[in-house]
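Peer 1: Each chain, written out:
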Amino acid sequence: MQEHFQHLYEALSQVDGYIYPNEIDLHWGLMIVLYPYITGLVAGAFILASLERVFHVKVLKPTYGLALLTALAFLLVATLPLVSHLQHPFRSYEIFMTPNSTSAMAIFGFVYLWYLMVVLLLEIWFDYRRDFVIWSKSSKGFKKFFYKIITLGINETDEKSAKLDDRLGYFITVIGIPSAFLLHGYVGFIFGSIKANPWWSTVLMPIIFLFSAMVSGIALVMLVYMVVSWVRQVKIDMKCLDTIAKYLLVILIIDFTLESLDQIHRIYEAEESFDIIKVLVSGKLNITLFLMQIGIGTIIPLLVLGLFQFYKPSEKIRKIIYFIIGAFVLIGIFFMRWNVVIGGQLFSKSLSGFTSFNTVYSGMEGSIMGAVWLILPLFILTFLLWLMPPWKKVEFHN
Amino acid sequence: MGTNRINKDRRKFFQTSAALIGGTLAFSIIKPLELLAQSKNEVAKDEKTEQPLWGMGVDIEKCIGCGKCVEACKLENNVPREPFYFRTWIEQYTVKKDGDVKIESPNGGIGGLKQSVPDEDIFKSFMVPKLCNHCTDAPCVQACPVGATYISPDGVVLVDETYCIGCSYCIQACPYGARFMNPVTKVADKCTFCYHRISKGLEPACVEVCPTDARIFGNLRDKKSDLVAFMQKHPTEVLKRHLNTSPRVFYNGLSSEVR
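Those sequence lines, one after another, are chains S and E.
Under the UniProt record's numbering, the letters of the first sequence match residues 1 to 398, in that order.
Under the UniProt record's numbering, the letters of the second sequence match residues 1 to 259, in that order.
Just to be clear, a hint being listed does not mean it is correct.
Claimed, not checked - Restricting the straight-line Cα-Cα distance to at most 20 Å, the calculated cross-link-like pairs of lysine to aspartate or glutamate (EDC-like) are:
| no. | chain 1 | residue 1 | chain 2 | residue 2 |
| --- | --- | --- | --- | --- |
| 1 | E | K96 | S | D16 |
| 2 | E | K240 | S | E365 |
| 3 | S | K61 | S | E272 |
| 4 | E | K102 | S | D262 |
| 5 | E | K114 | E | E61 |
| 6 | E | K240 | S | E271 |
| 7 | E | K186 | S | E271 |
| 8 | E | K102 | S | E156 |
| 9 | E | K240 | S | D166 |
| 10 | S | K278 | E | D100 |
| 11 | S | K278 | S | E3 |
| 12 | E | K223 | E | D154 |
| 13 | S | K195 | E | D137 |
| 14 | S | K393 | S | E94 |
| 15 | E | K102 | S | E272 |
| 16 | E | K186 | S | D165 |
| 17 | S | K58 | S | D165 |
| 18 | S | K393 | S | D165 |
| 19 | E | K186 | E | E257 |
| 20 | S | K316 | S | D237 |
| 21 | E | K96 | E | E257 |
| 22 | S | K61 | S | E156 |
| 23 | E | K96 | E | E61 |
| 24 | E | K186 | S | E3 |
| 25 | E | K223 | E | E237 |
| 26 | E | K240 | S | D165 |
| 27 | S | K393 | S | E156 |
| 28 | E | K96 | E | D119 |
| 29 | S | K195 | S | E94 |
| 30 | E | K62 | E | E237 |
| 31 | E | K62 | E | E203 |
| 32 | E | K97 | E | E120 |
| 33 | S | K392 | S | D166 |
| 34 | E | K240 | E | E257 |
Claimed, not checked - Ranges of calculated distance between the beta carbons of each label pair, as one might list FRET restraints:
| no. | chain 1 | residue 1 | chain 2 | residue 2 | range |
| --- | --- | --- | --- | --- | --- |
| 35 | S | I150 | E | R81 | 51 to 61 Å |
| 36 | S | F290 | E | Q51 | 31 to 41 Å |
| 37 | S | D262 | E | A18 | 45 to 55 Å |
| 38 | E | K200 | S | Y361 | 21 to 31 Å |
| 39 | S | G295 | E | L75 | 50 to 60 Å |
| 40 | E | K114 | S | Y361 | 32 to 42 Å |
Hints were generated in silico from the structure; no laboratory data involved.
All C-beta atoms, glycine included, are put in the ideal place defined by N, C-alpha and C.
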C-alpha cells in the first residue's frame, strides 16, 4: 500500500490545473486497455472467418480454421485482465449471480458467455466433430483421449452426419456474425454510455469499437497465417493474403472515417468539454494519438494498402510489407484503446485540469502482467493448433 | 399419422418437459412483476409512515473554507488520511480580474484554505464544499454491475461493502468525482450522509461541526425542516444540471464558474 501511496504522491506533484481530489488515482489502467483490445481481436478474427463461411469468400479458405482458433485462444483470455484488475476478484462471479440489469458491464458478462459457449465453441465443434472421430482412431495418448471425449459420443463419420454438421455450423455462423457485432459493440457501449466522461460519451463509440475490432482481428489473422505458414514451411497463398489485405484496407477506411467523424463533430459543436479535450489531444495524447494511432496505425497502412490496389510489387516484398503493416495496425489499435481508456481519465471531470499516468511494472496492474495476458493467447493458440490443426482436417465436399 | 409415430411414454415425457419449461418461463416473467407490485406498495407505505427523504443544502455565501467538515468526515468515517481520498472536500474558487479562474483544494481543505492570489488581482473569491450529491437518478447505481451500490428508501446512495467487487465502474460513472477506491477495504467508498448517525436522529458530522451553518441537512419531505426553509428562502441550484442526475444536494450562491 505504501508503494501505491508513493505512486500517488508522485502523481499529485504532476497535477496540472485543478482536478477533484479523488481523481489523482487513475482507476482504470493497463488491464482495462487490454480488455477491449483482446475482445476486439476475437470479434475481428471471427468476422474474417465468417466471410469465408457465410459470404462464400472461398479465397479466404486457408485462414478459416486459423481465424476460428485465434478467436477462441484470445476469447479464453479476454476476461482475465478484467478479473485481475478487480479489487475483489473472488467476488467476480456475482456479475453472473446477481447482475444489475441497468449496468452495461453486468450484461457484458452474458454477452461474453453467449459468444463463448453458444457461438464459438459450438461452431468449432461442428467444424471439427467429424475430424475428432477420425483422428481419435489414428492417434495415441493424450490426443486420442481428448478426441474421444470431445466427440461427446457422436461418432458418425458418414456423409449424412457431415452434412448435418455443416448445416448446423453454418447456422451458428449466421447467428455468430450479429453476436460478434454485439460482443464488441457492447464493449464500446461500456465506455460510450458513461455520460460523466465527455471523451467517452459518444453515440459512435460502439460502432467505432466494432470497426476497430475488425481491423485488429483481420490484421492479427493475417500475421498468424504468415507465421504459421512459415513455421510449417508451406507456401503462403498470395491470393488469400492479398484478399485479407484488401478487406483490411476497406474496414480501415470505414474505421478512420467514423473516428474522424466523431472528432469533427466534437470540434464543430465545441461543447463545454471541448477546451479541455483540445488540450488533452494536443498535449497528453500527442504521441499516442497522432504518432501511434493515426500515423503508424492508420495513415501508413492506408497509404501502403491503397497503393497495393494499383501497383503490386513482387510476392516477396508484398509478404514483408504485409507483415509490417499487420504489426503496425495491431500497434495502432492498441493505442486506440489506450487513448480511449487512459486518455479519458487524464483530464478531470471538473474540466479544469489534468492528472498523469505513470507506468508500473510489477503487480496485477503492471506492464509485466499485461505482457502475460498478451502472450498467453499465443501459447493457447499454439496448443490448439497442435491439438486440432486445421490443415489436417479431412476435406468433405458436398 | 403423427399419433402413431409418437408412443405414449414419449408423449408423456414431452408433456412433462413442456410443463416444466413453461412453468419456469411463467415464473421468471411473473417474479419481477411481483417485485414491482411490492415496491409500489412499499412506496405507498413509506409515504404513509412519512419515511424521510434526506438531502442537504450548501450555502456558499456562508462557507469560510475552514476545512473542519473535511476533517470531521475523515475522523468520523475512517477515511484514509492520505490526500487522495475524500468523502467531502472544499474547493476555493478565485476569479481574477483578468478573467482567469483559479481552483484549489490542497488536501481537500483540511487545515483551512488560504488565498494564494494577491488581493489586488482578485475579482471575486468563494468556497464550494463538495460531497456525493445523492442523485435521484444516480449514474453510479445504474452502472454498478452487481447492484452493490444502491439508493436507500430514505434517499441515500450507499455501497454494500460486503458485495462490491471493486471494478471502479461507479467511480467512472460519477460526474462529481465523489467516489474513491478505499485502499484498506478495497471497495468503492463515498459520503453516506453519515448514515450511522442520521439513522439515530443525529446530523452528519460535517453539518454538526460547521461553524457558520453553511451546510443544512434535513428531510426534503418535511415541509417544516430547516432544509426546506433554506430552499424556500434561497434560489438554489444543483451541480451539473445538464447531466439530469437530479441531485439532492442544493447550493445557494452557485456561480457559473463552479463545475
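Peer 1: Indicate, hint by hint, whether the structure satisfies it.
Peer 2: Comparing the hints with the structure gives:
1. A C-alpha spacing of about 18 Å is found between K96/E and D16/S, which places the hinted pair at or below 20 Å, so the restraint holds.
2. Distance hint between K240/E and E365/S is unfulfilled; the C-alpha atoms sit about 32 Å from each other, more than 20 Å.
3. Restraint check for K61/S and E272/S: not satisfied, since their Cα atoms lie roughly 50 Å apart, outside the 20 Å limit.
4. A distance of roughly 31 Å separates the Cα atoms of K102/E and D262/S; the hinted pair therefore is violated under the 20 Å criterion.
5. Pair hint K114/E plus E61/E holds up; C-alpha atoms about 17 Å apart against a cutoff of 20 Å.
6. A C-alpha spacing of about 14 Å is found between K240/E and E271/S, which places the hinted pair at or below 20 Å, so the restraint holds.
7. For a cut-off of 20 Å, the pair hint linking K186/E to E271/S is broken: about 36 Å separates their Cα positions.
8. Restraint check: the Cα-Cα separation between K102/E and E156/S comes to about 76 Å, which exceeds 20 Å; the hinted pair is violated.
9. A threshold of 20 Å between alpha carbons decides the hint, and for K240/E with D166/S the separation of about 56 Å lies outside it, so the pair is violated.
10. For the hint pairing K278/S with D100/E, the CA-to-CA distance comes to about 18 Å; that is within 20 Å, so the pair holds.
11. Taking the CA atoms of K278/S and E3/S, the gap is about 33 Å. The hint is violated against a cut of 20 Å.
12. Between K223/E and D154/E the CA atoms are separated by roughly 16 Å; this keeps the pair inside 20 Å, and the hint holds.
13. Between the alpha carbons of K195/S and D137/E the distance comes to roughly 12 Å, so the proposed pair stays at or under 20 Å and holds.
14. About 40 Å separates the Cα atoms of K393/S and E94/S, which puts this hinted pair outside 20 Å; it is violated.
15. Our distance criterion of 20 Å between C-alpha atoms is met by K102/E and E272/S, whose separation comes to about 17 Å.
16. Between the alpha carbons of K186/E and D165/S the distance comes to roughly 49 Å, so the proposed pair goes past 20 Å and is violated.
17. Of the supplied pair hints, the one linking K58/S and D165/S holds, its CA atoms being roughly 19 Å apart against a limit of 20 Å.
18. The straight-line distance between the Cα atoms of K393/S and D165/S is roughly 14 Å, inside the 20 Å bound, and the hint therefore holds.
19. With a C-alpha separation of about 34 Å, the suggested pair K186/E and E257/E falls outside the 20 Å cut-off, and the hint is violated.
20. A C-alpha spacing of about 12 Å is found between K316/S and D237/S, which places the hinted pair at or below 20 Å, so the restraint holds.
21. Simply put, K96/E and E257/E have alpha-carbon atoms about 12 Å apart, close enough for the 20 Å limit, and the pair holds.
22. With a C-alpha separation of about 25 Å, the suggested pairing of K61/S with E156/S is violated against the 20 Å cut-off.
23. About 18 Å separates the Cα atoms of K96/E and E61/E, which keeps this hinted pair within 20 Å; it holds.
24. Annotation: proposed proximity of K186/E to E3/S holds, straight-line Cα distance about 16 Å (limit 20 Å).
25. The hinted pair formed by K223/E and E237/E meets the criterion: a straight-line CA distance of about 19 Å does not exceed 20 Å.
26. For the given pair, K240/E sits about 57 Å from D165/S by alpha-carbon distance, which is inconsistent with the 20 Å threshold.
27. A threshold of 20 Å between alpha carbons decides the hint, and for K393/S with E156/S the separation of about 16 Å falls inside it, so the pair holds.
28. Of the pairs offered as hints, the one joining K96/E and D119/E holds, with about 9 Å between alpha carbons and a cut-off of 20 Å not exceeded.
29. Distance check on the hinted pair: K195/S and E94/S sit about 25 Å apart at the alpha-carbon level, beyond 20 Å; violated.
30. With a C-alpha separation of about 16 Å, the suggested pair K62/E and E237/E falls inside the 20 Å cut-off, and the hint holds.
31. Between the alpha carbons of K62/E and E203/E the distance comes to roughly 19 Å, so the proposed pair stays at or under 20 Å and holds.
32. Between K97/E and E120/E the alpha-carbon distance is near 9 Å, which keeps this suggested pair within the 20 Å criterion.
33. Straight-line distance between C-alpha atoms of K392/S and D166/S comes to about 17 Å, which keeps the hinted pair within the 20 Å bound.
34. Our distance criterion of 20 Å between C-alpha atoms is met by K240/E and E257/E, whose separation comes to about 11 Å.
35. Between I150/S and R81/E the CB atoms are about 57 Å apart, so this pair conforms to the stated range of 51 to 61 Å.
36. One distance hint, 31 to 41 Å for the beta-carbon pair F290/S and Q51/E, is violated here, with the actual separation near 55 Å.
37. Checked against the given bound of 45 to 55 Å, the beta carbons of D262/S and A18/E, roughly 50 Å apart, stay inside it.
38. One distance hint, 21 to 31 Å for the beta-carbon pair K200/E and Y361/S, is violated here, with the actual separation near 48 Å.
39. Between G295/S and L75/E the beta carbons are some 52 Å apart, a value that agrees with the proposed interval 50 to 60 Å.
40. In this structure the supplied range 32 to 42 Å holds for K114/E paired with Y361/S, their Cβ-Cβ distance being about 39 Å.
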